[in-house]
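Chemist: Using the supplied hints, reconstruct the complex from the two chains, each of which is provided in its own coordinate frame.
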Amino acid sequence: MPSEFFIPDPQGQVPTSDGYFGDFGGKFIPEALVAAVDEVAVEYEKAKADPAFAAELDDLMVHYTGRPSSLTEVPRFAEHAGGARIFLKREDLNHTGSHKINNVLGQALLTRRMGKTRVIAETGAGQHGVATATACALFGLDCTIYMGEIDTERQALNVARMRMLGAEVVAVKSGSRTLKDAINEAFRDWVANVDRTHYLFGTVAGPHPFPAMVRDFHRVIGVEARKQIVERTGRLPDAAVACVGGGSNAIGLFHAFIPDADVRLVGCEPAGHGIETGEHAATLSAGEPGILHGSRSYVLQDEEGQITEPYSISAGLDYPGIGPEHSYLKDIGRGEYRAVTDDAAMQALRLLSRTEGIIPAIESAHALAGALDLGKELGADGLILVNLSGRGDKDMDTAARYFGLYDTDAVVAEDEAAVAEITGDAK
Amino acid sequence: MSGNVQLLSDTLAAAQGEGRAALIAYLPAGFPTVDGGIEAVKAVVAGGADVVEVGLPHSDPVLDGPVIQTADDIALRGGVKIADVMRTVREAHAATGVPVLVMTYWNPIDRYGVERFTAELAEAGGAGCILPDLPVQESALWREHADKHGLATVFVVAPSSRDERLATITAAGSGFVYAASLMGVTGTRESVGQEAAALVRRTRATGSGLPVCVGLGVSNAVQAKEVAAFADGVIVGSAFVKRMLDAPDEEAGLVAVRELAAELAAGVRRN
Numbered sequence: 001m002p003s004e005f006f007i008p009d010p011q012g013q014v015p016t017s018d019g020y021f022g023d024f025g026g027k028f029i030p031e032a033l034v035a036a037v038d039e040v041a042v043e044y045e046k047a048k049a050d051p052a053f054a055a056e057l058d059d060l061m062v063h064y065t066g067r068p069s070s071l072t073e074v075p076r077f078a079e080h081a082g083g084a085r086i087f088l089k090r091e092d093l094n095h096t097g098s099h100k101i102n103n104v105l106g107q108a109l110l111t112r113r114m115g116k117t118r119v120i121a122e123t124g125a126g127q128h129g130v131a132t133a134t135a136c137a138l139f140g141l142d143c144t145i146y147m148g149e150i151d152t153e154r155q156a157l158n159v160a161r162m163r164m165l166g167a168e169v170v171a172v173k174s175g176s177r178t179l180k181d182a183i184n185e186a187f188r189d190w191v192a193n194v195d196r197t198h199y200l201f202g203t204v205a206g207p208h209p210f211p212a213m214v215r216d217f218h219r220v221i222g223v224e225a226r227k228q229i230v231e232r233t234g235r236l237p238d239a240a241v242a243c244v245g246g247g248s249n250a251i252g253l254f255h256a257f258i259p260d261a262d263v264r265l266v267g268c269e270p271a272g273h274g275i276e277t278g279e280h281a282a283t284l285s286a287g288e289p290g291i292l293h294g295s296r297s298y299v300l301q302d303e304e305g306q307i308t309e310p311y312s313i314s315a316g317l318d319y320p321g322i323g324p325e326h327s328y329l330k331d332i333g334r335g336e337y338r339a340v341t342d343d344a345a346m347q348a349l350r351l352l353s354r355t356e357g358i359i360p361a362i363e364s365a366h367a368l369a370g371a372l373d374l375g376k377e378l379g380a381d382g383l384i385l386v387n388l389s390g391r392g393d394k395d396m397d398t399a400a401r402y403f404g405l406y407d408t409d410a411v412v413a414e415d416e417a418a419v420a421e422i423t424g425d426a427k
Numbered sequence: 001m002s003g004n005v006q007l008l009s010d011t012l013a014a015a016q017g018e019g020r021a022a023l024i025a026y027l028p029a030g031f032p033t034v035d036g037g038i039e040a041v042k043a044v045v046a047g048g049a050d051v052v053e054v055g056l057p058h059s060d061p062v063l064d065g066p067v068i069q070t071a072d073d074i075a076l077r078g079g080v081k082i083a084d085v086m087r088t089v090r091e092a093h094a095a096t097g098v099p100v101l102v103m104t105y106w107n108p109i110d111r112y113g114v115e116r117f118t119a120e121l122a123e124a125g126g127a128g129c130i131l132p133d134l135p136v137q138e139s140a141l142w143r144e145h146a147d148k149h150g151l152a153t154v155f156v157v158a159p160s161s162r163d164e165r166l167a168t169i170t171a172a173g174s175g176f177v178y179a180a181s182l183m184g185v186t187g188t189r190e191s192v193g194q195e196a197a198a199l200v201r202r203t204r205a206t207g208s209g210l211p212v213c214v215g216l217g218v219s220n221a222v223q224a225k226e227v228a229a230f231a232d233g234v235i236v237g238s239a240f241v242k243r244m245l246d247a248p249d250e251e252a253g254l255v256a257v258r259e260l261a262a263e264l265a266a267g268v269r270r271n
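Keeping their order, the protein sequence lines are chains A and B. Each residue of the first sequence is one higher than the last, beginning at 1 in the working numbering. Each residue of the second sequence is one higher than the last, beginning at 1 in the working numbering.
The following block holds chain B by itself, in its conformation from the complex (with noise of 0.2 Å):
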């Protein structure tokens, strides 16, 4: 069975005809169950996102600030597995019908098997996978599973990556290009990092004619739509964990994140 790499492209496109950004947001599977992590991403879906990344929590989340790294310690303690994860896949795409990608650490792949990892993320109906600490130069075996299932292979840029690199970075990836709006880890920030724009240009001067879609800081609807007038998409992820966080309990927790959600598609309607 072939994954949902179309679905994410024409997902992508159709935003993009409405004259707008696509909504994408970031919830940790596991978190704050494995059952609760599912009705999460179906509130952030009715809110109004366009496609969700999934989160494979890790021991050692080297890329993530403290609030993700809390959702993380809570899903590990939970005892959440890779099996887990194939089941908020499955459950969130089928309930929902949008495009759902899982973000991890390269480590867990590696481990679980990269065939094994990309058969069943297909046949869970996953549309792909970015995996920020895997350099596009050490990606060669991931992305010959990943074709070969049909899933989208999103690599990041960030402000520092010079043009040839790029180039290289867009040539190889597929479905979009997660550019850092900043450099640092994630998190929720005050203002959205001046280098976005730029590098988001930068980015589609390479002419590979993948969408550009931005994360790290976006929290908010006046950011969101601040993104929206230069990007093809916002990622917002910490800002929906951290609501959950702070939800008195799990029912509260959904109707804010859902609350977020609805705010941010009106923040990515450019008008």
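Just chain A, same shape as in the assembly (with noise of 0.2 Å):
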């Protein structure tokens, strides 16, 4: 029997087997690295031809994450849209919070075959060390944790998540001490302990096979989206609307719907405070192509090749980098990315709570915000799916110092409550 919810991309166009997508891609790695990285490559192709590994995988995904995830209308937050159809791809149902699970469970199953016994991880909003510290917690394999120190703060709560299911949690101080900074000191790791150890990666950029692989792993949101979407609606949305960090829950989203020419895919990145402030980290709307982490792709970067600070109130979408695969949907067209505020992803998350009392991850309300702008371009006709990537718990703290809802603020809370009004307008 096929496999329902490992469902690797069977068009096999993209990337060649050099790891390209058009220019983006490939494998910027040490030599240290390279018997590593091709040993992921080699047992991952085994591993799609083995039906042992698609039926475990299965029997994780429907009895340990819960999928197929649930798909939700939201009409009374669709209302601030422009009267369009909303749609949320329910991946904040997944276990621990976020579609992180989908590709954490593959690789742990894959770092099993390797024979490694030590898995290391980079995050930054700590959905994806949260993932992984419960995948290595559920398979007893050895765990670290990298996160950039400002995001240990900021996301206090996914720490004390990761301690809890035995993983070393490291608190990176170089750089910018956010995800990128992160993702180097996994690297160091790995050059050093390459030998029983894993690096899972969390997103789908890096080095290849990363990029496909982590995207396959993803595959099944879009692939479940899209089927139950037709059997709701009896059509296609009009678009399909995901933030982007690194790319992995867009990718696993828009993948689906790739061949669909008229469904839109719109990749929503972190303005910040606004472009025009230099304090964002939107990637493919300001960079430049580059090489980050293994890949070629568009980076943020000034024009000697440095790599320059990214800012955003969310700490999984504060990333200098993107997935090649987006960059080169980008560049063909066939992908549409647009920038989001801080404050606009802001207003969205608190929509969506009063209004339907959901409330998402600080990252998904920037794909939240896109679409209540897309709607209002859309008009009442509009039809949008929006992957709700990762529920809001572990952005409580961050929330309520924006909206001043802790008793102590009391005053604030007053202040900000008029300033703050609900306009659902994302710019």
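Treat the hints loosely; a few may be bogus.
As the list claims (entries may be wrong) - Covered stretches of chain B (in silico footprint by chain A; criterion: 3 or more residues with CB under 8 Å from a CB of chain A, positions within the stretch not fixed):
| id | segment |
| --- | --- |
| 1 | 55-64 |
| 2 | 118-130 |
| 3 | 155-161 |
| 4 | 176-190 |
Derived from the structure by calculation, the hints contain no laboratory data. Here a beta-carbon is modelled for each residue, glycine too, at the ideal position from N, C-alpha and C.
Modeler: As structure tokens, this is what we get:
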């Protein structure tokens, strides 16, 4: 029986065997890692051809993760989006609270197949770290998570979750002390400990085969959502919308719709305080092609190839790179990428919470803000599918400070409420 | 104007002719300042270094340990630019006559433009480049321009490199082969990895005839002597940088790196 949930790209057109999506991708890694990265590629190809691998992953997806995830229509939220219908793909309902578990379980099985006993991973918001720590607990693997020091502060709940699950969490103090630097440190660990260690990379970036492999583990998002929305509405959506940091939830949603030329694929990048301020992480909107973390893609950098420090209120999107397949989709015109500010995302976060009783992650709120704008552009006949990639529990401290929700902030809260009136406007 | 790949080969051959290993010193450009970095290069050559690698600092030095990360950070905060790296190469080579290589990550060169970078480096008197995150499979464009401008392409090999890869890498490389003594990032170590001698042997067995120089973790004369027993060159980086970081002032730092170079130079003379 074919697998229901592990659905690698059947088209096999991109990437090439060298890992190239058009001009993007490749394998820019130190010689010391070549053998290990090749081993991952070989083992993944073997796993794809092995029905036992798909069967085990399917079983985990159903009985551990809780797939398929729901598709929820949000009419009260959609009233603020020009009357378009909006459906949310509920990856926030997966075990551990985000889409990240899809990829993590696949790579954890691969780790076991390769006979490795230790896993390392980077994390920004902590969602990938929590998912990785979870899988390591489940499979009895040693686990070390690298996290930028700034992110350990703004996502303290997830740090506690990882430690509860038995993982070692290392706060990275170099560079911008965010996701980029956590990846640098994870690579340094991998070079030194590659014999027994798998680097369980958390997004569709990095050297080949990670962009294609991580995408394949997340393809289930779009495959399920496509079927669900057609069953519910009798047609394909006008647009599939997702937030993009490294781009894993977005590629997971988009990929099944790539052959559907009439479905717009809209990625929402973090504009932070606004692209014009320079304080943002909108890589596709404001970056240039370059090499970061093992592949060629758009990168936020200066004229001499130094990577510039990104900024976003969302730790999970605060990254100066992007998966190479997104760069490819942008350049061939199949993907559209727009930038959403911190403020627009936070307004959308509160709007969804108050109209639908669903608190999204700040990352996913960028996609919601994008959908509000897109709905107004499409008008009342519009049909929009949004990937709700994660839940917002981890962000309550950031949100409480932003909106002044703590009792000690009571006076501030009055003022903030007046300023932060729900407008539903993603500008 | 052609780069100094031949000078590099001649220098390594001369050391071999003297029955010793060459001493190759690494220092980042712009550290502690651009002028201070140039003085440091002159000091290590005065102490006995045969070849110099000038680091082009990068914001994301994924293969470097804390010592070189700190130096890169100081250099970048000081505003070091590629033009400053070229000036460092030019002045260091002009003052000392030794071959000067640049070591950096691929993105700065990719962004600057491969043709522009190789032309300027050759014009400055550079001998070539070491690009540890540019694997041989992705290196065709670089090699085309490096060859055109008379610059060496020094590839890194690691204990994990299989024999067939060593053959591919030595066939594509020039100048010498950089053998990483251990699996890890730059930094001083208590002892040099056991795997280094085996890697040098396997690299030589490809029959390319390229000299094989060993780096990563070497920090003192005892280790230098140990490595010199089986390698054509001994590469030292973090130990020099650490001496400069630990020195109370720039002048003391120059004295310290000159002394270390002299100790290491004695170490690479095997007897």
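Chemist: Determine for every hint whether it applies to the structure shown.
Modeler: How the hints compare with the structure:
no.: 1; hint: 55-64; result: holds (count 6)
no.: 2; hint: 118-130; result: violated (count 0)
no.: 3; hint: 155-161; result: holds (count 7)
no.: 4; hint: 176-190; result: holds (count 4)
The structure fails to meet hint 2 from the earlier list, while all remaining hints are met.
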